[in-house]
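S.K.: The residues making up each chain are set out below.
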Amino acid sequence: MRKVAIDQLEEGMISDQTVYNDQGLILVASGVTLTKFIIRQLKNFDIETVSVKDEADWVLEPNPSASPTQMTIAAMKDITDEIVDYRAIGIKKNSTAIEEIVSSALDVPFVQEFMGTCVKDEILFKHSIRTAILSTNMGLIKRYSVEHLEHLAICTLLHDCGMESKFKEDDIEHPFLGFEKLRKNLDIGMLVALVCLQHHEHYDGSGFPFSFSRTQIAEFSSLVAVVDYYDRLLIKNVDPRKAMFETIEKKNKRFDPNMIELFGSTIDWSRIFTIPTNIS
Amino acid sequence: MRILIVDDSLLMRTQLKDLFSSVLAAEFEEAVSGIEALEKHRAFRPHVIILDYIINAPDGLAVLKILSRIDKKVKIVMTTTLSKQKFIYKDCLENGAVAILPKPITKENVLKIVTALKLNG
Numbered sequence: 001m002r003k004v005a006i007d008q009l010e011e012g013m014i015s016d017q018t019v020y021n022d023q024g025l026i027l028v029a030s031g032v033t034l035t036k037f038i039i040r041q042l043k044n045f046d047i048e049t050v051s052v053k054d055e056a057d058w059v060l061e062p063n064p065s066a067s068p069t070q071m072t073i074a075a076m077k078d079i080t081d082e083i084v085d086y087r088a089i090g091i092k093k094n095s096t097a098i099e100e101i102v103s104s105a106l107d108v109p110f111v112q113e114f115m116g117t118c119v120k121d122e123i124l125f126k127h128s129i130r131t132a133i134l135s136t137n138m139g140l141i142k143r144y145s146v147e148h149l150e151h152l153a154i155c156t157l158l159h160d161c162g163m164e165s166k167f168k169e170d171d172i173e174h175p176f177l178g179f180e181k182l183r184k185n186l187d188i189g190m191l192v193a194l195v196c197l198q199h200h201e202h203y204d205g206s207g208f209p210f211s212f213s214r215t216q217i218a219e220f221s222s223l224v225a226v227v228d229y230y231d232r233l234l235i236k237n238v239d240p241r242k243a244m245f246e247t248i249e250k251k252n253k254r255f256d257p258n259m260i261e262l263f264g265s266t267i268d269w270s271r272i273f274t275i276p277t278n279i280s
Numbered sequence: 281m282r283i284l285i286v287d288d289s290l291l292m293r294t295q296l297k298d299l300f301s302s303v304l305a306a307e308f309e310e311a312v313s314g315i316e317a318l319e320k321h322r323a324f325r326p327h328v329i330i331l332d333y334i335i336n337a338p339d340g341l342a343v344l345k346i347l348s349r350i351d352k353k354v355k356i357v358m359t360t361t362l363s364k365q366k367f368i369y370k371d372c373l374e375n376g377a378v379a380i381l382p383k384p385i386t387k388e389n390v391l392k393i394v395t396a397l398k399l400n401g
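Top line first, the protein sequences correspond to chains A and B. Per my numbering, the first sequence starts with residue 1, numbered consecutively. Per my numbering, the second sequence starts with residue 281, numbered consecutively.
Honestly, the hints are just simulated from the structure, not real lab data. Just so you know, even glycine gets a beta-carbon here, dropped at the ideal spot from N, CA and C. Take the hints with a grain of salt, since some may be wrong.
A few chain A residues facing chain B, derived, Cβ under 8 Å [what the hints assert, rightly or not]: (1) D187; (2) M190; (3) L191; (4) Q216.
Far from chain A, by Cβ distances over 12 Å, these chain B residues were calculated [as the list claims (entries may be wrong)]: (5) T294; (6) S301; (7) S302; (8) G314; (9) E316; (10) K320; (11) R325; (12) Q365; (13) P382; (14) K383; (15) V394; (16) L397.
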């Protein structure tokens, strides 16, 4: 580790400290590779020196982030099979694209960090991955651009990051806590923070924490709200068919009608009566 | 003084910038949507935000609610064409806006707001 003056920072150096500004916002997290943009940000906030890793300690140190990523990708394969076999949601033809998009979302250091901490709680870990698969599938059907799809995957993976790595069914604090956490991290786009804040808002304004409705809710937030609700029903062991109908029923009330139509179009209706009941 | 102008129309943003810079010295930044407004609020750390009521989701009122919860210092002025509707005044002022600037925007109203908020002092 060595300290480097701000003028001598170069692209590709790896920071070895978390740098905050005077208001406590994270400018760059430890272990992040510096880019032109980050260096410019640091200059804007009058940071004088930054500790960076020497090339030698970077080579010797095993990459600590590799394992959550690998675990996530491994879990993703199982979850994809489970969705295809037991949920009657048609994701098979998109499965390669979904895997690529979710994997590229895992390149974001904060996503790796979150998956690393929530892996201890199986429900939260699987919930994050399953919702990410379902939302990316919906995004593919809606023909979002690749850039948007990656963003959507990041949003969905992190939507419950306010839960402090333990899944709680009736936690009404987590949207705002997660929003604050994500907002203070300059690596994370504001849309990701906003989806975290708004994923429990309802179309008719009956949700929390702000009781936003219609035009006050971002498009990705209303998409994530649908898959989040559907997956929460499955976590409660509701029959997959019943979970689908219960979600669709809430069109125009809890959910944006466009998003419910999109969700409906992912269902493989020809298989819906052949799937077994009550799979935990 | 840093001022963030949020409006989806380029014409309106330019007009607001011209009017405000004619009465006070400030640095300006612009945003066209609710998400960009939140993004610029984080990066630019404005003292004042001129926020349009009708912008792409999340709309002006939603951005106002979020910002007044996370930033107690920033002064938010709402602009709206719907200024004849009383409930909009109520909504904005109850949720933390310091003033409402009716459209079309006049230099007189801008001056009033700048004086009332002591922005040029």
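S.K.: If a hint holds in the structure, say so; if it does not, say that too.
M.R.: Verification of the supplied hints:
1. D187: 12 Å, violated
2. M190: 4 Å, holds
3. L191: OK, holds: L191 of chain A within 8 Å of chain B, min 5 Å.
4. Q216: 4 Å, holds
5. T294: Fine: 24 Å to the nearest Cβ keeps T294 of chain B off the interface.
6. S301: 22 Å, holds
7. S302: 27 Å, holds
8. G314: Given a closest Cβ separation of 7 Å, the condition is violated.
9. E316: At about 8 Å from chain A, E316 of chain B fails to clear the 12 Å cut-off, so the statement is violated.
10. K320: 9 Å, violated
11. R325: About 8 Å separates R325 of chain B from the closest Cβ of chain A, which leaves it inside 12 Å; violated.
12. Q365: For Q365 of chain B, whose nearest Cβ neighbour in chain A is about 16 Å away, the distance exceeds 12 Å, so it holds.
13. P382: Label holds. Min Cβ-Cβ 21 Å, cutoff 12 Å.
14. K383: 18 Å, holds
15. V394: At roughly 26 Å from the nearest Cβ of chain A, V394 of chain B sits farther out than 12 Å, so the non-interface label holds.
16. L397: Nearest chain A Cβ is 22 Å from L397 of chain B, so the label holds.
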